[in-house]
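Q: Chain by chain, the residues:
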Amino acid sequence: MSDIGKVRLRIPSSIKPGDVVQVRSLVIHPMERVERDAQGKIVQKNYNYINKVIVTYLGKTVVTFDTTQGVAENPFFSFTFKATDPGQLKVQFLDTTGGRYEGIADIKFS
Amino acid sequence: MTDDQLVTRRAVLGALGALGVVAAGGGLVTGAPGTAHAQGLGQNESVQDTMKRLFGDKPIKDGAAVIKLDLPLIAENGAVVPISVNVDSPMTPTNYVRHIYVVADKNRIPLITRVTLAPEAGRAFMGANVRLGETGDVRAIVEQSDGTLLLVKREVKVTVGGCGG
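Read top to bottom, the protein sequences are chains A and B. Going by my numbering, the letters in the first sequence line up with residues -7 to 102, in that order. Going by my numbering, the letters in the second sequence line up with residues 175 to 339, in that order.
To be clear, the hints were calculated from the coordinates, so they are not data collected in a lab. Where hints are given, some of them may not hold.
[Unchecked claim] Partial selection, computed: residues in chain B whose CB lies under 7 Å from chain A:
#1 I283
#2 G296
#3 A302
Cβ coordinates follow ideal geometry from the N, Cα and C atoms, glycine included.
Sequences are here, hints too, so could you generate the full structure?
A: What follows is the structure, encoded as structure tokens:
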């Protein structure tokens, strides 16, 4: 899985100032599931899954997802933000092994 | 000469020992966050316990009028179920939606995600792909900035469970 941490962001092609913009983000990540032994008890180990997604726009946190293993493999998240000024939209994915993957989109008005 | 060699040997052994201690310490430090996560947001518990842990005894109102929970009626593959929650609410600094929780009743770890929104989000919306273990209700709980809790739920039929284990 050398693709782990590849991030894709999709923003609409044309954005006007003041628009509420819906962004779709995707990251390649295994999101390991809980494993159980024969008795059905959870195997205690450090599962590798994304537990935080932070979206910042113009340096300000807009949306945060705190996620558990209930989120699917190669997770997809969508969210909205209000485009007020041109600038940088950054989506960071943090996983339980200390991995940090980020995707950056430049918001421009057309 | 022999003295020198002795000293070097001792020094080397000492250094090795110190390294071992460091390595063990490092292991402990990296191990700790893992266990912390396991005990954190998502826990293996019943949905009643989850609701109690998250919201205590606070009253939860029916939010069918303002929350739009978008889910497939039948999820053929429980491993990937698209869900979106759209709340018809103003997003002003004084009155906005602070959190959206997604909880699947039948999952062994019921809490799927907690979304924290800022007024700059413009609209109270979230979308994600989630896993569902088996047929059951999926709830979306919205917490507004004044602390009001609203809930909607919908049943999803799952053909093939997606939580494994």
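Q: Are the hints correct? Go through all of them and say.
A: Results for each hint:
1. I283: Holds - the Cβ of I283(B) comes within 7 Å of chain A, reaching about 6 Å at its closest.
2. G296: Because about 3 Å separates G296(B) from the closest Cβ in chain A, which is inside the 7 Å limit, the hint holds.
3. A302: A302(B) check passes; min Cβ-Cβ to chain A is 5 Å, inside 7 Å.
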